[in-house]
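J.: Here are the chains, one letter per residue:
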Amino acid sequence: MTAPFPMPSASAAELSVGPLVFMADAAGVLFEEAERILVVADLHLEKGSSFARRGRLLPPYDSRETLARLSAVLCRFKPRVFVSLGDALHDGEAMARIGAAEKDALEDCLAGAERIWVTGNHDPVTPGGLGGTSVPEIVIAGVTLRHEPSTDPAAWEIAGHIHPAAKLRRHGRAVRRRCFVSNGTRCVMPAFGAFAGGLNVLDPAFAPLFGRSFEARMLGEDRVYRVASSMLVPD
Amino acid sequence: MTLPEPFAGWFAARGWSPRQHQLALIDKAREGRSVLLVAPTGAGKTLAGFLPTLVDLATRPPAARDAARLHTLYISPLKALAVDVARNLEAPIRDMALPIRVETRTGDTSAHKRARQVGRPPHVLMTTPEQLALLLAHKDATTLFSGLRRVVLDELHALVTSKRGDLLALDLARLHRLAPGLSAVGLSATVREPDDLRRYLVPQTTPDGEATGAMADLVTVTGGARPRIGILEPARRLPLAGHTAMATIPEIYAAIGGHRLTLVFVNTRMQAEFVFQELWRINEDGLAIALHHGSLDAGQRRKVEAAMVAGRLRAVVCTATLDLGIDWGDVDLVVNVGAPKGASRLMQRIGRSNHRLDEPSQALLVPANRFEVMECRAALEAVEEAAQDTPEARKGALDVLSQHVLGMACAGGFRPDDLYAEVTSASPYADLSRPHFDAVVDYVATGGYALRSYERYARLKAGRDGLLRPVNPAVVQRYRMNVGTIVEATMLKVRLGRPPRPGRPAARGGRVLGEVEEYFAETMTPGDTFVFAGEVLRFEALIENEVVVTRAAPGTDPKIPSYAGGKFPLSTFLAARVRAMLADPAAWKRLPAEVSEWLAAQQHRSVLPGPSDLLVETFPRAGRHYLVAYPFEGRLAHQTLGMLLTRRLERMRLRPLGFVCNDYGLAIWGLADLTAAAASGRLSLSDLFSEDMLGDDLEEWLAESALMKRTFRYCAVIAGLIERRFPGKEKTGKQVTISTDLVYDVLRRHQPDHILLEAARQDAATGLLDLGRLAAMLARIRGRIVHKPLDRVSPLSVSVMLEIGRESVYGEAAERILEEAEAELLDEAAA
Numbered sequence: 001m002t003a004p005f006p007m008p009s010a011s012a013a014e015l016s017v018g019p020l021v022f023m024a025d026a027a028g029v030l031f032e033e034a035e036r037i038l039v040v041a042d043l044h045l046e047k048g049s050s051f052a053r054r055g056r057l058l059p060p061y062d063s064r065e066t067l068a069r070l071s072a073v074l075c076r077f078k079p080r081v082f083v084s085l086g087d088a089l090h091d092g093e094a095m096a097r098i099g100a101a102e103k104d105a106l107e108d109c110l111a112g113a114e115r116i117w118v119t120g121n122h123d124p125v126t127p128g129g130l131g132g133t134s135v136p137e138i139v140i141a142g143v144t145l146r147h148e149p150s151t152d153p154a155a156w157e158i159a160g161h162i163h164p165a166a167k168l169r170r171h172g173r174a175v176r177r178r179c180f181v182s183n184g185t186r187c188v189m190p191a192f193g194a195f196a197g198g199l200n201v202l203d204p205a206f207a208p209l210f211g212r213s214f215e216a217r218m219l220g221e222d223r224v225y226r227v228a229s230s231m232l233v234p235d
Numbered sequence: 001m002t003l004p005e006p007f008a009g010w011f012a013a014r015g016w017s018p019r020q021h022q023l024a025l026i027d028k029a030r031e032g033r034s035v036l037l038v039a040p041t042g043a044g045k046t047l048a049g050f051l052p053t054l055v056d057l058a059t060r061p062p063a064a065r066d067a068a069r070l071h072t073l074y075i076s077p078l079k080a081l082a083v084d085v086a087r088n089l090e091a092p093i094r095d096m097a098l099p100i101r102v103e104t105r106t107g108d109t110s111a112h113k114r115a116r117q118v119g120r121p122p123h124v125l126m127t128t129p130e131q132l133a134l135l136l137a138h139k140d141a142t143t144l145f146s147g148l149r150r151v152v153l154d155e156l157h158a159l160v161t162s163k164r165g166d167l168l169a170l171d172l173a174r175l176h177r178l179a180p181g182l183s184a185v186g187l188s189a190t191v192r193e194p195d196d197l198r199r200y201l202v203p204q205t206t207p208d209g210e211a212t213g214a215m216a217d218l219v220t221v222t223g224g225a226r227p228r229i230g231i232l233e234p235a236r237r238l239p240l241a242g243h244t245a246m247a248t249i250p251e252i253y254a255a256i257g258g259h260r261l262t263l264v265f266v267n268t269r270m271q272a273e274f275v276f277q278e279l280w281r282i283n284e285d286g287l288a289i290a291l292h293h294g295s296l297d298a299g300q301r302r303k304v305e306a307a308m309v310a311g312r313l314r315a316v317v318c319t320a321t322l323d324l325g326i327d328w329g330d331v332d333l334v335v336n337v338g339a340p341k342g343a344s345r346l347m348q349r350i351g352r353s354n355h356r357l358d359e360p361s362q363a364l365l366v367p368a369n370r371f372e373v374m375e376c377r378a379a380l381e382a383v384e385e386a387a388q389d390t391p392e393a394r395k396g397a398l399d400v401l402s403q404h405v406l407g408m409a410c411a412g413g414f415r416p417d418d419l420y421a422e423v424t425s426a427s428p429y430a431d432l433s434r435p436h437f438d439a440v441v442d443y444v445a446t447g448g449y450a451l452r453s454y455e456r457y458a459r460l461k462a463g464r465d466g467l468l469r470p471v472n473p474a475v476v477q478r479y480r481m482n483v484g485t486i487v488e489a490t491m492l493k494v495r496l497g498r499p500p501r502p503g504r505p506a507a508r509g510g511r512v513l514g515e516v517e518e519y520f521a522e523t524m525t526p527g528d529t530f531v532f533a534g535e536v537l538r539f540e541a542l543i544e545n546e547v548v549v550t551r552a553a554p555g556t557d558p559k560i561p562s563y564a565g566g567k568f569p570l571s572t573f574l575a576a577r578v579r580a581m582l583a584d585p586a587a588w589k590r591l592p593a594e595v596s597e598w599l600a601a602q603q604h605r606s607v608l609p610g611p612s613d614l615l616v617e618t619f620p621r622a623g624r625h626y627l628v629a630y631p632f633e634g635r636l637a638h639q640t641l642g643m644l645l646t647r648r649l650e651r652m653r654l655r656p657l658g659f660v661c662n663d664y665g666l667a668i669w670g671l672a673d674l675t676a677a678a679a680s681g682r683l684s685l686s687d688l689f690s691e692d693m694l695g696d697d698l699e700e701w702l703a704e705s706a707l708m709k710r711t712f713r714y715c716a717v718i719a720g721l722i723e724r725r726f727p728g729k730e731k732t733g734k735q736v737t738i739s740t741d742l743v744y745d746v747l748r749r750h751q752p753d754h755i756l757l758e759a760a761r762q763d764a765a766t767g768l769l770d771l772g773r774l775a776a777m778l779a780r781i782r783g784r785i786v787h788k789p790l791d792r793v794s795p796l797s798v799s800v801m802l803e804i805g806r807e808s809v810y811g812e813a814a815e816r817i818l819e820e821a822e823a824e825l826l827d828e829a830a831a
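First to last, the protein sequences are chains B and G.
For the first sequence, the working numbering begins at 1 and goes up steadily by one.
For the second sequence, the working numbering begins at 1 and goes up steadily by one.
Okay, chain B solo, but in the shape it has when bound (with noise of 0.2 Å):
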């Protein structure tokens, strides 16, 4: 488990945007000190059993591990507002699926936390039994926390919805690692659940929404990497 705050490298982990300081964390999510926010996109729970609905009977393990590893999250930061940016559940009978300890587990995880669930494509309507609030978006300070991202370059916004990973090539060997790409007016999240996978971020799909440059911060074992886009590599 990682240490509390484990940031030998302040300026990496700060993310901003618009007029909203974050701390970029090695787990994939976004903490706002000041009023206590916490942001997370994309936990896609119950998407094995959402595979083997459809006869690829993937390990049914993944909601059990994306809900460790967001309560581990939870415990650290102690959040007083829980947003979670869209596809929180991969798909609309997931609730009917999750294992009861599942359910459990993501109940006292957010015991306390006052909980925000942006709608997603793969969750258009948020189904009962996750308590909080249901929304297409918020606005906070000026910032607008959605699940698509748009492509208005003026938007101050911070969306998920597209997985972004980044690969990083040096003395013959690639490293690719989920992350959060941001230019100081977007940001984009990386995937939180266990089974979500990346798409790389010199794929067209980022080109309208950050141009040629932004930064990548790529998820170490405990600490989060700024990374300049010219450095990164295509898969």
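Derived from the structure by calculation, the hints contain no laboratory data.
The beta-carbon is built from N, C-alpha and C at its ideal position, and this holds for glycine as well.
Accuracy of the hints is not assured; some may be wrong.
[Said to hold, decoys possible] Derived DMTMM-like pairs: lysine to aspartate or glutamate, alpha-carbon spacing no greater than 25 Å straight-line:
no., chain 1, residue 1, chain 2, residue 2
1, G, 139, G, 108
2, G, 493, B, 235
3, B, 103, G, 745
4, G, 139, G, 417
5, B, 78, B, 91
6, G, 709, B, 235
7, G, 709, B, 221
8, G, 709, G, 723
9, G, 493, B, 203
10, G, 709, B, 222
11, B, 78, B, 104
12, G, 395, G, 359
13, B, 103, G, 455
[To be verified] Now the in silico label distances, taken between C-beta atoms and shown as ranges:
no., chain 1, residue 1, chain 2, residue 2, range
14, B, 222, G, 472, 29 to 35 Å
15, B, 234, G, 181, 21 to 27 Å
16, B, 234, G, 395, 39 to 45 Å
[Unchecked claim] Computed, partial: chain B to chain G, Cβ under 10 Å:
no., residue
17, 55
18, 59
19, 64
20, 104
21, 107
22, 108
23, 109
24, 168
25, 211
26, 215
27, 220
28, 226
With chain B held as given, fit chain G onto it using these hints.
T.: This is chain G only, laid out in the frame that chain B set:
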């Protein structure tokens, strides 16, 4: 025994007489015996395998012949070999006007023809293990195979060493059950343990499940002319490391000039490209020299093969793609560039020349560095003694069994008790325990998860008759799409295109030249030049899974980034011989002067280890401290060892930075003075090399090892957890990698005893991690470590040290790479 007509007449008309073993096989067939035929190349093995079938069919009354449905199955490891053998069989059938129908069935056979082959089968069907698996999973398999008399397994020695051999063993067990009168015939080159193959051919249990240990009969063809093998001694000095054979190119060229058709075998595609390029550089006589390797465009390869058979070529530079039994024309010299890595593989390659039993094969071994001189010498002596180093019999893989279990469900269902009895009658699975079998069936049915949440999504369900069957046709369709045990490395197409200009990116447009492995493409940056398909190409860009290249300006020197030594590690058997040679100065006089002088210098400056010792040298060089060890256990085992040793040194705070290895040894370097640490007792070499590294250290490393993840991916694909492709929706290897890595992490944490993790661990023992060999080595050297502290590099160590910078540095220091990139950004910001 004599041949019946018209066969006797056919032989006589050609001035031939049937060979002893050919007649012996007809006898065996009459007695209904299964048999293993072991014979050197050129002994007429294939004809021996088919004669009994032809005789039996030709001498039956026409009514009985027509009633006979499928009579003989022929299974070959290569599609091309099946087609080639079918063609060779046509001649006697046509000459004698035999009313016998022979057909092939491969991945290329049309759907229409395949359907017809099931409804109205030929007398003889030539196919591959994968196609046989598909036929056996067919709902009409029982009707199709119930009258089968013979199954002929060609190149059996090559098939049984892989997962394809496991698949074929399971299919053979099913055939024996469907056709109780079946006899199996194995055709094999000389092997170390023929009994393993004899057991492979026949059921290992009675129908009641009692173990019998039964073996097929054995027919051995001895004799044949002894091959004439030489080791090339170049005029130029051989380097201490490297695999390019640069120094020997003029001599290879001269040898080609002195023969009709030469096959130049090399160990890797890279070497093939290099040798081809260098031969053409000095090809003043304009000899027709061609190139043949697995990543060239198929059309290009077919052209080379046709030109060979037609006698229009003087030499072909090739890789293992030409290893197996296809007769490619009148080859009179085989050149093996680089060390042969195994004595049996060398024999097989040499057999490509003079494909006739009574003429000696001619071969020339070309060592590329001084260690390889010793290895070539050891291989040559092994061939002279006819010593073999074919690998041990395999333990059947669990992922292959999973695939087979699903296939048998598709074939009309099975009762677990019956299928267990059938599966354990196959020799690779004879020791399979019932709990393991049940775990596999459970995996196939519901995923095999301890958390029993997938019962409602089960793929298999038991009917009222107790038979497990697929729940819907989609399961059957998926099985058919994913059959087979070969999981290819992701390959990228190489396409000619145009270079980028200001304001315009690189673009595709030209033709496809072939394919390269993805990892190779990943090592290049735009502007790099490399040799491919015999040309120097410039890497321009990677566009949507294609490598876009342009032709480099004439005279450009290629920058080939890696000369990997080959995918086969040095065999244990040859390694022992090389160690013995090293330890025995009397044996050095059989080596060229430069090699024996090198060994003498090592003896003088350091020490030469005894045949069972492990020499470890430590010395400083250019501000770094080195530890070089010489286990001689092959590159794969050394890689794993290096990974584990660096972890241990790290834990002892001896600050290792990286390591490299080759087939003979490994070098680790770092910041701490290891000689001083050993002197002060801070570092104990016997502790460092103790067998307990295979416990917790290994477990910890496996958790994050990319090699282990790759091993798991192969198992997951073969076992059908991840589909290779979906109807109408091809999945690229890349997407599979991502998802299986995530699956591996989650499964390892939540159900470490899952059957697929078990399958991956079994593979790791023999595959990419070579754990079995590493364990044997650590046991061998216990108490036999010879430590030699030195003040500088030793002569022997130079060959390993030269790998630094040539091979990519191993060590899975991903965090360090991230740190470096970040530091660069900060530097830029500060500048």
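J.: Holds or violated: is the Cβ of residue 226 of chain B closer than 10 Å to a Cβ in chain G?
T.: Because about 5 Å separates residue 226 of chain B from the closest Cβ in chain G, which is inside the 10 Å limit, the hint holds.
J.: Please verify whether residue 103 of chain B and residue 745 of chain G have alpha carbons no more than 25 Å apart.
T.: holds, 22 Å
J.: Would you mind confirming whether the straight-line C-alpha gap from residue 709 of chain G to residue 723 of chain G stays at or under 25 Å?
T.: Holds: residue 709 of chain G and residue 723 of chain G sit about 17 Å apart, inside 25 Å.
J.: In this structure, is the beta-carbon distance linking residue 234 of chain B and residue 395 of chain G contained in 39 to 45 Å?
T.: holds, 41 Å
J.: For the hint on residue 108 of chain B, just tell me whether its beta-carbon gets within less than 10 Å of chain G.
T.: Interface hint status for residue 108 of chain B: violated (19 Å vs cutoff 10 Å).
J.: Are the Cα atoms of residue 493 of chain G and residue 235 of chain B separated by 25 Å or less?
T.: Holds, at roughly 15 Å.
J.: Is it true that the CA of residue 493 of chain G sits at most 25 Å from the CA of residue 203 of chain B?
T.: The given pair, whose Cα atoms are some 20 Å apart, holds under the 25 Å limit.
J.: Residue 709 of chain G and residue 235 of chain B were given as a pair; does the straight-line alpha-carbon distance stay at or below 25 Å?
T.: The given pair, whose Cα atoms are some 18 Å apart, holds under the 25 Å limit.
J.: Under the criterion that the straight-line Cα-Cα distance not exceed 25 Å, is the pair residue 709 of chain G, residue 222 of chain B satisfied?
T.: holds, 22 Å
J.: Please check whether residue 215 of chain B passes as an interface residue: C-beta within 10 Å of a C-beta belonging to chain G.
T.: With Cβ-Cβ at 8 Å, under 10 Å, it holds.
J.: Given the hint of 29 to 35 Å, check if residue 222 of chain B and residue 472 of chain G actually sit that far apart at their C-beta atoms.
T.: About 46 Å separates the Cβ atoms of residue 222 of chain B and residue 472 of chain G, which means 29 to 35 Å is violated.
J.: Given a cut of 10 Å on the nearest C-beta pair, is the interface hint for residue 109 of chain B held or broken against chain G?
T.: violated, 18 Å
Comparing the model with each earlier hint shows violations of hints 5, 12, 14, 15, 20, 21, 22, 23 and 25; every other hint is respected.
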